[in-house]
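A.B. asks: With UniProt numbering applied, the sequence shown covers 1 to 898.
It is worth saying that the hints were derived from the structure and are not from the lab. Quick caveat: nothing in here was measured; it's all calculated off a predicted structure. Ideal Cβ placement from N, Cα and C applies to all residues, glycine included. Among the hints, a few may not be true.
[To be verified] Each pair of labels, with its calculated beta carbon distance range:
id, residue 1, residue 2, range
1, 85, 118, 23 to 33 Å
2, 639, 883, 50 to 60 Å
3, 824, 642, 46 to 56 Å
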Amino acid sequence: MAPLAPPPQPQPADPYTEYATFLHPSFDPNSFAHSIVNNEPYPPPAPATTDAKQRPASPAPAAPPTTATGFMKGLGAGDQGGDVSAALARLNFGVEDLNRQLKQEITKHHSSLLLQAASLGGLGADLTEVREKLAQVEGGVSNLRKKITVPHASLSSSLTLLTRLRRASSLARRASRFTILARRLEGQMAEIDGELSVPNAGAGAGSSLTPTATGERERTRERRERAMAEAALTLAEIESLLTTSDGLEAAEDDPEALLSIRTINAVEANVPAVEHSRRRVVEEMESTVQRGLTELDNPLLASSLQTAHNLSVLPSLVDSLVASLTDLVSRKVKACFDMGTLAREVGGKDSATSAASAFVYKSRTRNEPTTATMPQWAAVLWARLESLIADMGSICIKVYTLEKVLKLKRDQNTQASFLDEAMSVLDDKPSLMFWTTLSQSFETQTKEAARSSAFIQTTLSTGYPRLLRLFHEFFSKIAVHTDTVYTQTQQSPETVLILRSIQPFETLYLTRSTNRLNEAVTSSFSISSSLSASFSSRPPTVPTANEGLSVSRAIVNELDAARFDPLLVKAIAKGASRAVELYVQKSEALIAQDHSATSLLGPLATPSQHSNADLASSLYHLWSPLNRALPEHSESVRTALRPCVDNTRTAYQTISNPLIMAIRRDFSSIIARMHRVDYSKNLDVNGAGAGGGGGGASSYMVDLTEKLTLVREEILGAYRVGDLAKEWALDLARFTVQTFILHASIVKQLGESGKLKLTSDTTSLEFAVSQYLSSHGLSLASMGDQFKALRAFRPLLFLEDSALSSLTQTTDVPALILLHHILSRSSLPLPHQVHGWSEAEYVRWLNEHGEKERIKVVEGVVRKSEEGRESGAEEEELVHVLKEVLERSKRGLGKDIE
């Protein structure tokens with residue numbers, strides 16, 4: 001339980017509380033008296049605060065009358081009847097009581113009051129001394145005022161007078177200068193008027209002028225232009241005098257300083273004449289600028305721009321010129337694609353050419369042509385475009401001429417070009433503003449026209465190359481006057497910007513071009529155009545050479561149509577590349593890769609071989625025209641088409657290479673059968689596997705001849721690959737002859753009968769190869785070294801051992817063949833015997849390696865055989881010949897083989 005709090009102690013009453021109303025600073029006796037007389041309560045003031053800073057600005061609102069206490073209560077206790085005497089009596093009593101209390105207070109505190117009075121008496125001397133010092137300070141201030149304030153006031157008045165005199169002098173000087181300039185301007189205008197009358201008089205005398213008169217006229221024009229420029233300078237100086245105050249600023253109390261020379265009557269009287277002269281000079285300058293742009297006269301344009309610069313109107317003049325030219329561009333482009341005016345123009349031509357049309361019912365104006373009127377509409381549209389491009393060329397040349405002159409002309413004082421001065425009001429260079437306006441106008445109007453008119457969309461998309469040629473003419477026309485370039489290797493950004501504005505039509509044209517190529521590819525894989533009844537079993541979707549040729553011609557035609565433009569032909573090349581890739585992908589999906597595709601059993605080619613032959617022929621005829629056309633085009637086109645063209649070549653090689661490799665393997669296996677023939681028997685003895693007697697060919701040669709016939713007529717004869725078939729025939733012939741000679745050179749123990757039989761086989765091979773090559777328009781001599789080796793191999797068989805090293809008798813025999821033949825005559829082992837290879841494996845190894853590796857193998861066999869051979873052997877002569885031939889072959893290779 002909380003302890004009880006002590007009762008509150010009563011606070012001692014303040015003796016002055018009863019007189020708070022009278023002690024308040026805002027106490028008003030009159031108001032108090034009136035309240036007493038009228039028997040109204042006097043509101044006591046709010047309690048005063050001790051802090052003056054915290055006292056409110058206005059007195060606090062009075063408390064309600066019920067709050068009065070003390071003396072005020074007693075004062076109003078008996079005032080119910082409004083007795084003033086009683087109130088006065090009570091007031092007197094209060095005053096007496098107050099006096100009594102004052103006496104009590106004074107008596108109570110008299111000692112402290114005496115001390116304060118004594119201290120106040122001691123302050124008197126100090127206050128007197130302070131007064132004396134203050135008097136001295138006031139005297140010093142008065143002296144300073146006499147020394148500073150008075151001279152300052154005099155100096156200020158003198159400076160004001162001097163300033164006014166200077167301003168008056170400046171006004172007089174500027175007025176004098178104005179008068180001089182006005183007289184000079186009057187003389188210059190008179191000179192201009194005199195120069196103007198001379199050409200006019202000369203022009204009226206006759207249309208034909210002599211060279212002397214023409215030169216005089218040019219000199220007169222130059223003098224007139226100089227006079228115009230001088231008049232412009234004079235006008236510019238006069239205008240500066242009329243609008244400036246000569247650099248003097250006005251004082252706040254002197255408004256006369258702001259007066260200009262116009263306040264002088266003599267000056268004001270000449271102002272109208274100056275303004276009239278200025279108007280004349282400006283009008284003449286503007287007409288000269290227009291004439292200079294129209295005639296592309298750079299000197300005339302430069303002089304007129306100099307005049308504008310002297311008049312300080314060059315930026316506004318250039319701004320208005322560029323604005324008028326760009327506005328003209330926008331209006332002409334818009335008018336060109338206006339279908340309403342186009343319809344009226346076509347209608348006017350139709351009515352003028354046909355008198356009977358007046359009697360025919362005419363419907364309301366059509367903004368789209370009919371099928372019958374399509375050519376007339378197209379002719380009018382193309383005529384409009386040609387006129388538009390010609391106008392754009394003229395405007396472009398004007399803009400570049402203006403910009404060129406602005407670049408060349410410079411301010412004589414600052415050396416800043418006029419173009420920099422004009423750029424203060426222009427958004428960009430005039431040429432860039434022209435290209436931007438032209439591209440935006442073309443883009444806006446072509447999009448709007450294509451969206452609202454199917455005729456314009458169709459005409460400009462199908463005839464996009466013609467539209468592009470118009471722009472080429474435009475670029476070539478302005479190239480002489482501008483730095484714009486549009487060639488196969490370089491295109492200026494401005495030209496690309498313009499061509500992008502007609503990109504919708506290019507997109508439509510490219511879409512149609514791509515569709516045409518894709519349709520050609522798709523139709524190639526429909527029913528084959530060369531499908532014959534004898535091969536009706538192969539799939540009907542396999543394209544042939546005709547389809548490949550038609551697709552390649554379509555691509556070449558598209559490229560030729562767009563060759564004149566580097567950007568268009570590049571885009572066409574990209575579409576053509578996609579079409580070729582599609583053709584190759586479809587063809588690769590149809591390639592037969594089963595065993596029958598490379599089978600050489602005969603007697604006829606298999607359906608898979610015929611199908612692959614058609615595919616390879618179509619791919620070859622697709623590749624060949626494109627490969628021939630690529631060098632005629634630019635690098636960008638070659639870059640775009642080269643991968644797909646190479647892929648096409650790879651695709652048909654994917655078909656032909658396995659077949660050719662199978663043919664080679666088959667030929668090699670047939671030729672390798674010669675080692676089963678016994679070439680060591682006499683003439684009247686038949687060897688195993690031999691064809692009986694030296695006059696007939698061996699059985700393997702008969703098979704080889706038949707296989708060559710099968711390959712010529714059936715296997716490779718089905719391929720329509722042009723010159724590629726000759727390459728295949730020549731390659732197979734060389735391979736066959738080379739393989740035969742290699743096998744024949746390693747046949748050991750040749751007897752006379754064997755030599756004759758081998759010679760007969762060689763003759764049979766030569767005849768078979770000759771027939772094979774002749775079917776392709778080739779001869780045996782086209783084989784080169786292989787043919788020479790085949791012809792030289794037959795007499796080699798019958799040479800003596802000592803003659804084998806004779807260069808005259810073995811010139812055309814390859815060194816390896818000669819080394820093999822020498823080894824076969826000796827008792828030394830052959831390389832394949834040393835390494836444990838079969839004859840077929842050894843020949844295959846020889847065909848896969850170069851001459852150095854071949855000779856190195858033979859040399860290794862010889863060295864190994866010499867180490868184990870005893871001296872004095874019977875083959876000493878053959879070994880000597882072998883070494884001699886080996887050394888000669890090594891020298892022929894350029895360096896020793898280790």
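A.B. asks: Are the hints correct? Go through all of them and say.
C.D. replies: Hint by hint, here is what the structure shows:
no. : hint                  : verdict
1   : 85 x 118: 23 to 33 Å  : violated (46 Å)
2   : 639 x 883: 50 to 60 Å : holds (57 Å)
3   : 824 x 642: 46 to 56 Å : holds (50 Å)
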